[in-house]
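Chemist: With chain A held as given, fit chain B onto it using these hints.
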Amino acid sequence: MASPLLLAAAGEVGGDFFRERDVGDLCQAQPGHLFCWDWAKENIDRFGTPTVQHLQIVIPAILIGFAAAFALALLAHRIRWLQPPLLAATGILYTIPSIAFFFLLLPLTGLGRDTAIIVLAAYTLQIIFRNTILGLNNVPASVKDAARGMGFTSRQILWKVELPLAVPEIIAGLRVAVVSTIAIATLAVLISAGGLGTEMYGSNLNFPTAIIIAGAIVILMAFALDSILLLIQRLTTPWRRVSQA
Amino acid sequence: MAKGVPGVNSLPFASFIGAFEFIFSPQESNVTGGKKVGGFDKSVELLIKHLEVTLVALAIALVVALPLGLWLGHRGKGEQFAVGLSNAARAIPELAVIALVAVLIGVGLGNVAPVLAILGIPPILNNAYVGVQQVDRATVDAARGMGMSEMAIVRKVELPIAIPTVMGGIRSAAIAILATATIAPLAGVETLGDFIINRNVYGENGLLAGAILVALLALAIEGSLALLQRRLTSDGLKLKTV
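For the record, the sequence lines run as chains A and B.
Just so you know, my numbering puts 219 at position 219 of the first sequence, and the rest follows in order with no gaps.
Just so you know, my numbering puts 101 at position 101 of the second sequence, and the rest follows in order with no gaps.
If we strip away everything but chain A, and leave its shape as in the complex, we get (with noise of 0.2 Å):
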């Protein structure tokens, strides 16, 4: 026989399949409250299982998204006549908003993290697609030139020469496409992939303390993240540190 502990753990719990939580008495007793402290300082190791989740989604999502676009970059960057085509189909892909995207796949891929991690990957392909393309027509011809007067083959050109001068904007693309993943990975939550965006949403909607708690670890999240890119630029480009001394 099943226990009602059970039943409650398989879901179904009031239509709504996000965990309950008891929020303190403390807090409920002031329903206008900002920010409450005591609960705060009582639950805040609640959120380290959303955010590894949340990181669970987003760094797959980037590391496929960024091979993908990368990919199509270098191949578009060879076939000139399929940039405009990939362009615009990275375009739409992009326009289509995250919520919209998760259910379209849902019948496809179903609940959970896969859904979510598809979708996220779906989003990045533009920006950094455009970036690496921006990047890549950025380089003088002359440098080119010089290049393939010293007698690197193409293949060469392309590994020393274009690509380490289109790095800046590479990753201008991939920090762009980063923050932006993060932010929006906490809607996962809609499909059951969890995240921080569990804190946010279910029985947590009228919660602000545990919203601003999840909301300030996003963007923690994304800062972070957002600061080691800038530095692996920094590492991976000497001398614009030496032209801009």
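Just so you know, these hints were derived from the structure itself, not from any lab.
Treat the hints with caution; some may be incorrect.
To be verified - One side of the interface only, derived from the structure: several residues of chain B facing chain A at Cβ under 10 Å:
| id | residue |
| --- | --- |
| 1 | Thr182 |
| 2 | Ile183 |
| 3 | Leu186 |
As the list claims (entries may be wrong) - A short list of chain B residues far from chain A (calculated; beta carbon distances all over 12 Å):
| id | residue |
| --- | --- |
| 4 | Trp71 |
| 5 | Met146 |
| 6 | Met151 |
Every residue, glycine too, gets a C-beta built ideally from N, C-alpha and C.
Modeler: For chain B alone, kept in the frame of chain A given last:
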């Protein structure tokens, strides 16, 4: 965490047909016990509401951000502010914003639209600034030499040249607002997101119907704004970009 609405995991591909039926005629939902929900009238009602919230919020964002961005770009001042704000704003989770509006400010169009407008301000401000600032200074000097006032320079020289960039910002803002309006039902504004958020009323077909309608609306808005951008861009500039 418990998984799922019953049956959603096993949705077949044919569920798209169910979703289209839901849009055009009321259907019995799998969750309401025989009551008919959805249908063409309801879809149109929510679509209009969605469009209304989006346009009101976009109008507020335009009124606030466009003059400011153009002026800052003209003066070449406040780059940190205009560009930095738009970068920082990308990190704000929309779900938290809408949830907090509902609890702290209140529900309804009057509360939600101004907050959605805040999401539209950074891209409009950033692109207006960048677009105007990138206008060749020699062109601006020529206009000044011809005796144009600063106001006239912005309106008749800088803005027309910056139109593609400015419109790019407006398009981003429109899409961001429209996308976030999908979760506006959480704050008491019944947009197309109602089909998605209230899945225990509309069922699986409603869920998918909502997603289809929101996606189509976004593409339609983006397409219309792209057309508008083409019409607003002067013919001389179109030749240049070819």
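Chemist: Which of the listed hints are not met by the structure?
Modeler: none
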